[in-house]
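Trainee: Listed below are the residues making up each chain.
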Amino acid sequence: MIRALIRGRSRCAPLPLRALPLLALPLLAGCDAARLGVMNAAGPVAETQRHLYLILAIVLIFIAGPVLILTPIFAWRYRLSDKRHIYRPTWDFSWGVEALIWLPPTGIVLGLSVLLWTYTHRLDPYRPVAGSGPPLVIQAVALDWKWLFIYPDQRIATIDQMAIPVGRPVRIVLTSGTVMQSLLIPRLAGQIYAMAGMRTELNLAASRAGVFRGENTQYNGTGFARQSFDVLALSPDGYRRWLARVHAAATPLDRMAYAQLFKQTTPPDPVFYSAAPAGLFDTILARDLPPKATRR
Amino acid sequence: MSAPLWPAVLGRFDWQSLPFVRAWQHPSLNELIGAGAAAMVVIGAIALVALITMLGRWRYLWGDWLTSLDHKRIGIMYVVLAFVMLARALVEGVVMRAHQATAIDAPGIVSPDHFAQLFSTHGSIMIFFMAMPFLTGAINYVMPLQIGSRDVAFPLLNSISLWLTGAAAGIMMASLVIGEFSTGGWTGYPPFTELRFSPGVGVDYWIWAVTLGSIGSTLSGLNFAVTIYKMRCPGMTLMRMPMFTWTSLCTSILMIFAMPPLTVATALLALDRYLGFHFFTNDLGGNMMNYANLFWLFGHPEVYILILPAFGVYSEVVSTFSSKELYGYTSLVLATMAIAVLSFTVWVHHFFTMGQSANVNAVFGIATMTIGVPTGVKIYDWIWTMFRGRVRFTVPMLYSLAFMMTFVLGGLTGIILAFPPLDYLVHNTLFLVAHFHNMLIPGLLYGMLAGYHYWFPKAFGFRLDERWGRIAFGCWVGGFYLAFMPLYVLGAGGMARRTAEIFEPAFRPWLYVAGVGALVLFAALAALAVQLWVSIRDRDANRVPAGDPWDARGLEWSIPAPPPEYNYAAPPRVASRDPFYDAKRNGTAYYPPARYDDIELPRNAAVGPVLGLLGAAIAFGLVWHMWWLAILGLAGVVATVIARSFVRDTHRIIPAADVERQDRAWRAAVAATPAIPREVEMTPANRGLAEGAA
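If you're matching them up, the sequences are chains A and B in order.
Sequential numbering of the first sequence, starting at 1, is according to my numbering.
Sequential numbering of the second sequence, starting at 1001, is according to my numbering.
Calculated from the structure, these hints are not laboratory results.
Some clues are possibly wrong.
What the hints assert, rightly or not - Now the in silico label distances, taken between C-beta atoms and shown as ranges:
| id | chain 1 | residue 1 | chain 2 | residue 2 | range |
| --- | --- | --- | --- | --- | --- |
| 1 | B | L1032 | A | L103 | 56 to 64 angstroms |
| 2 | B | A1267 | A | R287 | 44 to 52 angstroms |
| 3 | A | L103 | B | L1519 | 43 to 51 angstroms |
| 4 | A | W95 | B | Y1229 | 25 to 33 angstroms |
| 5 | B | S1576 | A | Y126 | 52 to 60 angstroms |
Every residue gets a Cβ at the ideal spot worked out from N, C-alpha and C, and that includes glycine.
The shape of chain A in the complex, shown without the other chains:
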């Protein structure tokens, strides 16, 4: 973590800039902001996405470059006050120019299409991620204004905290107990919508230990801004200890607790449920909710 941090900073703020603290400050801070996102990828999915970003960034230079260069050059060179240059008021067509403006962009788009097709399939959120061991299944339920994470195989559940073992593939299955929401963990993978009565899936893995910010990006009411959660990417040992902690919480997700889930609240701290009933996710998916939950 610390090494990455130092490396990240030194790359963003080279020495000469330190002489210009006013300039360097926002740049440094800018690095801080960008470091929260995919540029500081911490898992194979996000790493591939960053890779794709960089490929695209290079291609895009060639798309924008000519416009950014030619526009000011032509405008200035052929300005009214400088009559040294040739003036051809009726010149309005040339096959050569036509070829130049139609063919290269078409070629670039064709090339990008291949890239797009390949990477869209490679990074399909439904596609399992390679890694050690069978995928860890986590069922995520979007609620107002919190996330419920059910670990069906471990029979536990949490609110606003998700722990995963480093290196092990994770399959997050999503639905919503309320309005549509969108689950995003920028440093691990892209987002996918969670919709009531429907099931979506997001596969990811963490390649290093750390705490990663997760959020809902789809506006769902006044508690929206506070609806975030931490993803703890832990060593196998750390993950086992975390499970033990949750099991030791001694608050099961019983009928009472279940009804509470559907209130429009954000708990100040993550909540651990030492036991969660089997089939809970499917109950919510089937819209079999506590009677009050269907109203505000």
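Take the given structure of chain A and dock chain B to it, following the hints.
Mentor: This is chain B only, laid out in the frame that chain A set:
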């Protein structure tokens, strides 16, 4: 919530619906801002009424403007509406930026609910009540002149479109004073906007404002398309139409096909909310994905409805201010048509993250990138139009150059967003917000402002002040970069859009920069206001009565500025793409017509304003559940339409002698006007006659 006062008459209204009462009871900064905004609407309206009464101009306003069926006046009224709404929505943008800059680990200046109303009104107004009226006004004013027509095909329908749009904008303003607005964003996604999650009046305001506006736009589209198909002057074949007319045609076609899905979507949502249907609810078979598809089936073509007319303006401006024929006219026509058709094939890219298969996403991603090709071609066509020209850096040209270089950056981020795997990361973040502002500010606002500066002298007979125009331009461009480039960084860092509170200190400096940018954009709007004031003050020095201040190319410049109500004393006849420019060069410009005929023009009609008022009454009644008002309004609409169908005396005649007298007087004035070279076109020497033309 207090109890409704008098439900049978006032519906859902209670005292808490008034922001003044709320601010009185809980005088927080948040409520004071709300009450202040409402007070501005009320005071503004009262001041306007008082001013008109004081000046004794009601008769003039009603007789010459509000009931006018003249496409030019309707166009100007559309643009006025656009500027008013621009002012409100821009201020809302500034408030949002100020809020976010003060809401980092702090509550900020407005409450989360108020913030949500702000982003919802800002988006809805900018799209439906700033951009749409602006471009509809520009098309209304310019297109019939460009094709040598006296008016649009259906002048009364035109007035009705204007007033439906005006009514919708009025409903938006009412939401500021009575009740609240939707918090569902400009897209109004259910199930959040369903009764279960948004029981208040806000979503209903949104639904009826958008519905009225969308009906107005559908009618405008039909009107414009028929006008272009049927009302061109002799000799104006399709491939001789000016580029702005071409883009108007494509936009009209898009309006005809893309607005109905929106009307359907809002109507179905209204059925859900009013009559307990289940189109988009969570339960009982509803599915919000249907809404997303319907909405974006409108929403994506809408982007091109907004951008194509601006492309048309740039085509005119770049060619005129380069003193050169437009490069690759055929290419541009093909590219415009290609964009119009392709715009219907990409809507899924607005929800790549909805969980469909990789195949579907990839197909729509590729379709999205494909649109980039004709768009890129258009940019290159303008660049090659400057090539070997004589470029003058007037304000419209500056906007065009800023557009080309800024729009291409938005195109780049557009390609990033077209890649589904990258969209997964930045969808719903400020990156997306930065992207579409990066497309629409240069791609719509700069275009409309360029058109405003370009055609203003034609419409009002005097040029706009150049210096203040440049100041405004500098602020629009500088402000855009300051306000929106930081959002790319924030979005890449995962900052979700529509966030009322920020808990990430790393975002702070970027939010500050964006906040400063918003202030600069506000300064830009203020500079435009100052410019208008200065220009009106100095109008006598900047008059261009001969009508051609820019040595321009199309028919609209061959008539006086401002044009007579009948536009052309005799129908023009064209034989080329730049008829007026060619006529100036071969010495046939300003020839009087061989003969003058009586001209028949539609009489003014009160039907438009009346229908607008009734439409607003229906909408307001539906929002507040004042059923009697809605029913009365509907009955009034039926009665008005029936009554109108009995009116026989709908046209009046301008005798040929009057036309001849006015036309000859103008031609005599032109003959006495000194022609000027392009070097001094920005000085008072410019009286609207170009050198080498007379």
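Trainee: Find the hints from earlier in the document that the structure breaks and name them by number, from lowest to highest.
Mentor: 2
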